[in-house]
Amino acid sequence: MREVRMGRAVFLGVVGAGVAGLFAGGRLSRAASPLGSAVPGAFRSLFPDGWRIYSVNPPWPEFHPASYRLEVTGAVERPLSLSWDEVMALPQTAQTTDFHCVTGWTVGGVQWQGVRLQTLWDMARPTAEARYANFVSMEHPYLDTLTFRQTTLPQVMLAHAMDGKPLSQAHGAPMRLVIPEMYGYKNVKWLTRIELVPRLQTGYWEQRGYDVDAWVGRSNGY
Amino acid sequence: MPGLDAPTATEPPAGYVHRFGAAERSLHWLLAASFLTMLATGLILYLPSLAQVAADRGLWKSIHLGAAIAFWAGLVLVWASSPGELRDTRRQLERFDEDDRRWLSWAVHRSGPEPPQGRFNAGQKLNTAVIAGLMVVFTISGVLMYLQETDASFRGTDAILVHDIAMYIAVPLVLGHLYLALLNPSTRHSLRGMAVGTVRRDWARRHHPKWERDL
Numbered sequence: 005m006r007e008v009r010m011g012r013a014v015f016l017g018v019v020g021a022g023v024a025g026l027f028a029g030g031r032l033s034r035a036a037s038p039l040g041s042a043v044p045g046a047f048r049s050l051f052p053d054g055w056r057i058y059s060v061n062p063p064w065p066e067f068h069p070a071s072y073r074l075e076v077t078g079a080v081e082r083p084l085s086l087s088w089d090e091v092m093a094l095p096q097t098a099q100t101t102d103f104h105c106v107t108g109w110t111v112g113g114v115q116w117q118g119v120r121l122q123t124l125w126d127m128a129r130p131t132a133e134a135r136y137a138n139f140v141s142m143e144h145p146y147l148d149t150l151t152f153r154q155t156t157l158p159q160v161m162l163a164h165a166m167d168g169k170p171l172s173q174a175h176g177a178p179m180r181l182v183i184p185e186m187y188g189y190k191n192v193k194w195l196t197r198i199e200l201v202p203r204l205q206t207g208y209w210e211q212r213g214y215d216v217d218a219w220v221g222r223s224n225g226y
Numbered sequence: 076m077p078g079l080d081a082p083t084a085t086e087p088p089a090g091y092v093h094r095f096g097a098a099e100r101s102l103h104w105l106l107a108a109s110f111l112t113m114l115a116t117g118l119i120l121y122l123p124s125l126a127q128v129a130a131d132r133g134l135w136k137s138i139h140l141g142a143a144i145a146f147w148a149g150l151v152l153v154w155a156s157s158p159g160e161l162r163d164t165r166r167q168l169e170r171f172d173e174d175d176r177r178w179l180s181w182a183v184h185r186s187g188p189e190p191p192q193g194r195f196n197a198g199q200k201l202n203t204a205v206i207a208g209l210m211v212v213f214t215i216s217g218v219l220m221y222l223q224e225t226d227a228s229f230r231g232t233d234a235i236l237v238h239d240i241a242m243y244i245a246v247p248l249v250l251g252h253l254y255l256a257l258l259n260p261s262t263r264h265s266l267r268g269m270a271v272g273t274v275r276r277d278w279a280r281r282h283h284p285k286w287e288r289d290l
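Going down the list, the protein sequences come from chains A and B.
Following this note's numbering, the numbering of the first sequence begins with 5 at its first residue and continues without gaps.
Following this note's numbering, the numbering of the second sequence begins with 76 at its first residue and continues without gaps.
Heads up, a few of these hints could be off.
[Claimed, not checked] Distance condition first, Cα-Cα at most 20 Å in a straight line; then the derived SDA-like pairs of lysine to any residue: (1) B/K136 - B/L236; (2) B/K136 - A/R212; (3) A/K169 - A/T107; (4) B/K136 - A/M92; (5) B/K136 - B/E224; (6) B/K136 - A/W55; (7) B/K136 - A/K169; (8) B/K136 - A/Q154; (9) A/K169 - B/P123; (10) B/K136 - A/V60; (11) B/K136 - A/P62; (12) B/K136 - A/G54; (13) B/K285 - A/L157; (14) A/K169 - B/S124; (15) B/K136 - A/V8; (16) B/K285 - B/P188; (17) B/K285 - A/K169; (18) A/K169 - A/N61; (19) B/K136 - A/R9; (20) B/K136 - B/P158; (21) B/K285 - A/R6; (22) A/K169 - A/H68; (23) A/K169 - B/Q127; (24) A/K169 - A/G113; (25) A/K169 - A/R6; (26) B/K136 - A/V201; (27) B/K136 - A/N61; (28) B/K136 - A/Y58; (29) B/K136 - B/G193; (30) B/K285 - A/E7; (31) B/K136 - B/W154; (32) B/K136 - A/N138.
Hint data in this document are derived by calculation from the structure and do not stem from the laboratory.
Please build the complete structure, drawing on both the sequences and the hints.
Put into structure tokens, the structure is as follows:
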């Protein structure tokens, strides 16, 4: 009886498809993402929503509304230390943007609600020395930086709500930096302090070889 | 036909025939243990709902990588210990004859009698080929994910997406395999072959007649 080495062909086909996917998978999945919205919601909810939860020093920091402070310090005329009620009383803004992780996953159409950094700058009045902003997490020793100009890009905000719900602990409650133009590691979670400084400090992942300017698609080897 | 039955160390009990040799069984259980370890630790790293109970990613990542290394090291060891046995197994697994191709069509349409099968049926052959391919894909994409963490020149590939898709293909295959091996009444006797090496002759005749008649 005629035998064919179909098993070998299937094996090599699977390996070949996997290797091809390494180079074209992202483009294919982005091209196919409109199809994803045609999938019934009940079926889609069986799968994870696309987020991976990273932290560098577990357990995750806890948010206590009574004791939480959002501080703005350093090169400012008027340092701020806002209670949670005061943060929530600030002028609010909302946006829907995509979130890209440097490791290759993306969550599309995330609805953020929160505060523009210009609102804080109007109150604290940064001095000419304020060339960089350090975003300090309650998760020690996580810190990341932006240039002062980057802090007022149109889609940069401090978000306290995601997809219509208060920011969960996993996503950095009560507040995280959102800068959709840059990879996730710049989007500091569990934010508690912003220091305006004259010189660039090296952020947590930047100390581990990641780019300072983490532009999506134009940094970190992409 | 030469090489169609697995090497036998001892005579099987009356009414039983040898189905799997020591190397085949070692390799199977090595894969089973390392796959399930990697699946469990991988899901902890992957699912947001599990991220909090297991926030120490470093630990789970180490176990995940350790299981992968153990799998490949074990594979080399088992292969080196009995290359002949496993070469015969591979030849039986990768070759499909007319009955195998008819069996695949029968498995889909479920009409008419089951085309007679050899030591492995076509579904087992296909499953092995796909899983073997996926293990290579998991390894290549996993190594890239590991390197990406420390070296920017490895970023820019879609390793994480490929690793995810491989998981979405492998898990249903493994669940189907577990169903046939543990639950499905007519097939679950095969588990005995993988556990102790022997199966009932009448079971072998019914499911693998072309193999049984040559024993």
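Comparing the hints with the structure gives:
1. B/K136 - B/L236: Answer holds: B/K136 to B/L236 is near 17 Å, not above 20 Å.
2. B/K136 - A/R212: 18 Å, holds
3. A/K169 - A/T107: 26 Å, violated
4. B/K136 - A/M92: 38 Å, violated
5. B/K136 - B/E224: Roughly 12 Å separates the two Cα atoms, so the pair holds.
6. B/K136 - A/W55: Holds. B/K136 to A/W55 sits at ~17 Å (cutoff 20 Å).
7. B/K136 - A/K169: 30 Å, violated
8. B/K136 - A/Q154: Violated. B/K136 to A/Q154 sits at ~34 Å, over the 20 Å cutoff.
9. A/K169 - B/P123: 16 Å, holds
10. B/K136 - A/V60: Roughly 13 Å separates the two Cα atoms, so the pair holds.
11. B/K136 - A/P62: At roughly 14 Å apart (the allowed maximum being 20 Å), A/P62 and B/K136 satisfy the hint.
12. B/K136 - A/G54: 19 Å, holds
13. B/K285 - A/L157: 71 Å, violated
14. A/K169 - B/S124: Judged against 20 Å, a Cα distance of about 16 Å means the pair holds.
15. B/K136 - A/V8: Violated, at about 40 Å.
16. B/K285 - B/P188: Status holds; Cα separation ~15 Å.
17. B/K285 - A/K169: Not satisfied, since the Cα-Cα distance of roughly 62 Å exceeds 20 Å.
18. A/K169 - A/N61: 25 Å, violated
19. B/K136 - A/R9: Violated: B/K136 and A/R9 sit about 37 Å apart, past 20 Å.
20. B/K136 - B/P158: Measuring from Cα to Cα gives roughly 32 Å; hence the hint is violated.
21. B/K285 - A/R6: 15 Å, holds
22. A/K169 - A/H68: With a Cα-Cα distance of about 17 Å, the restraint between A/K169 and A/H68 holds, given a limit of 20 Å.
23. A/K169 - B/Q127: 18 Å, holds
24. A/K169 - A/G113: OK: A/K169 and A/G113 at ~15 Å, within 20 Å.
25. A/K169 - A/R6: Distance of about 63 Å is beyond 20 Å: violated.
26. B/K136 - A/V201: With Cα atoms ~36 Å apart, B/K136 and A/V201 exceed 20 Å; violated.
27. B/K136 - A/N61: 15 Å, holds
28. B/K136 - A/Y58: Holds - the C-alpha atoms of A/Y58 and B/K136 are around 12 Å apart, at most 20 Å.
29. B/K136 - B/G193: Given that 20 Å is the threshold and the Cα spacing comes to 41 Å, the pair is violated.
30. B/K285 - A/E7: 14 Å, holds
31. B/K136 - B/W154: 27 Å, violated
32. B/K136 - A/N138: This hinted pair is violated, its Cα atoms lying about 29 Å apart.
Violated hints, in rising order: 3, 4, 7, 8, 13, 15, 17, 18, 19, 20, 25, 26, 29, 31 and 32; the structure is consistent with all others.
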